[in-house]
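Listed below, chain by chain, are the residues.
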Amino acid sequence: MRVLYWSEKFWPYIGGVEVIATRLVQAFRARGHEVIVVTTHDGLDLPDEDHYNEIPVFRFPFFEALAPSGLRQLMKVQQRIAGLKQHFKPDLIHINFSGPTVFFHLATAKAYSAPVLLTRHGSFPIHVTGRDTLVEQALRNADWVTANSAAVLAESRRQVPEIIPRSSLIYNAMDVPALPPKPLPYGAPRLLCLGRLSEEKGFDLALGAFALLRDAFPCARLIIAGNGPARPTLERQTAELGLAESVDFVGWVAPHEVPALMNAATVVVMPSRYEGFGLVALEAALMARPIVATRVGGLPEVVAHNDTGLLVEPEDSKALAAAISALLADWSMAAQMGQAGRLRAQNMFCWTRCVDAYTTLYRELIREAIHVDAAQSLSS
Amino acid sequence: MLTPHSRFRLNDADVTAQVLDGEAIMINLSTGVYYSMDKVGAFLWTVITGGHSLAEAAAAVGARYEVSAERAQADVTRVAEELISERLIIVADDVLPPQVTEERHSRSRLVYESPELNIYRDMSELLALDPPIPAFNEISWKESADRSTG
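These protein sequence lines map, in sequence, to chains A and B. First residue of the first sequence? That's 3 in the numbering used here, and the numbers climb one at a time after it. First residue of the second sequence? That's 46 in the numbering used here, and the numbers climb one at a time after it.
None of these hints come from the bench; they were simulated from the model. No experiment lies behind these values; they were computed from the predicted model shown. Careful: at least some of the hints might be erroneous.
Unchecked claim - Quick list of in silico lysine-lysine cross-link-like pairs, DSS-like style, CA-CA up to 27 Å:
1. 84/B to 91/A
2. 112/A to 87/A
3. 78/A to 84/B
4. 78/A to 91/A
5. 112/A to 78/A
6. 87/A to 84/B
7. 112/A to 91/A
8. 112/A to 84/B
Given these sequences and hints, build the entire structure.
Below is the structure:
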């Protein structure tokens, strides 16, 4: 089958959504499906037409075209998208829904008709809701909606109840890394925050918690891996708290380097304010790391409280510090939670099952569309 | 109160708009809300912002599309009211009627679909979520006090 896979951002951009997208399209191709990727240029100077492991990637200046000064470009981009759909003739369009670029899909929906699967990766921390929004129109327009966590599915169904009979949960998943987990480093504990340095990840709260732990664990280090717009603020906060000597900003980490990074960590800290699924928690669990995370979005589904890690309320540095302290003070409990997390992750977030679930859904949606077409041509 | 003789102009202090190949896109810069209309809607947008009265717009729609005069008039009035309430156009009875030759009903009128104004009230918030280019942070959406949540 031919699949047009729409991902707002895609390789070489790195984030939970992008990591899942790059792995999924490779898995679909490995199963013999023809896949193309539609994505945005974003900030990097990348070619309009490219390949990712032999998968054609088409990049468009979506964000520039959506700027108020870009209306003419917006219409040109719409025409190019319509042309690409008509030329590739996908059997199915899979929208990896994580932002406003879905506008271009909706605007070209009449130019080429194919069943649409929309995968929602998280909640949008925005205030405007209602029928006249892009988010709700995207959900309503889809033939089927999947969410990557029960929390995101429930939110989507609450928002647009008409999708209840045509929506389901497909958890994000990952292959078990080839690198085996190492024992937790204990003597000089290493806390790890990994992700995009932006407000929703709450790394400022991790810094606040780390400051509270300094007296009890003077040898501890906090590693902040990733990059993003909040980096200057976080670096300033680190200096103001007098933590510059014990906090390392290590920048962007390639996905294949993540298992080794996890292996060097005692506890993985996820103080997120918003999180659709929390792929870092899964990456940590697969490397047998205990996790301290906030009770937001899909994180309570990925982290089993008191079993594979500890959950705390968001926006609470003291609670975060107390949970980290509890794990650092009891190495065997921390190690046990890490092991339990690895087993649970292998069972619950199995990669093969995830790819199977998508491909089964693809087939069902395509079959359903063929039946509808046949019924329409019989009745006309 | 709109009458068949009401004329309009673009609210150009706040609105930027573009029509291309049968599609109209409008942005109200004072609210950050995006709009689109295609087919009949895009045609209607061009006619209404071109200085035609409601009656003239309904007649132009009826001449171009396979639709009854009553339905054309009802749709044109509904869309005009919506465009006014979204502050995309302003009633301006001082606008002079444009110099046009009347479009005659032809035998091959186009298929009619009721025009719909598509509204994306969350667009500016979505764009600000994960700003990909620094320039986006610098766009000052003139936040309206009565921002709709419906």
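Comparing the hints with the structure gives:
For the hint linking residue 84/B to residue 91/A, the alpha-carbon distance of about 23 Å falls within 27 Å, and the restraint holds. Between residue 112/A and residue 87/A the CA atoms are separated by roughly 11 Å; this keeps the pair inside 27 Å, and the hint holds. For the given pair, residue 78/A sits about 17 Å from residue 84/B by alpha-carbon distance, which is consistent with the 27 Å threshold. Distance restraint check for residue 78/A and residue 91/A: the Cα-Cα separation of roughly 20 Å lies within the 27 Å cut-off, and the hinted pair is therefore satisfied.
Proximity of residue 112/A to residue 78/A is assessed by CA-CA distance (about 16 Å); at most 27 Å being required, the pair is judged to hold. Taking the CA atoms of residue 87/A and residue 84/B, the gap is near 20 Å; set against the 27 Å cutoff, the hint holds. For the hint pairing residue 112/A with residue 91/A, the CA-to-CA distance comes to about 13 Å; that is within 27 Å, so the pair holds. Taking the CA atoms of residue 112/A and residue 84/B, the gap is near 11 Å; set against the 27 Å cutoff, the hint holds.
The structure fails none of the hints (numbered hints given earlier).
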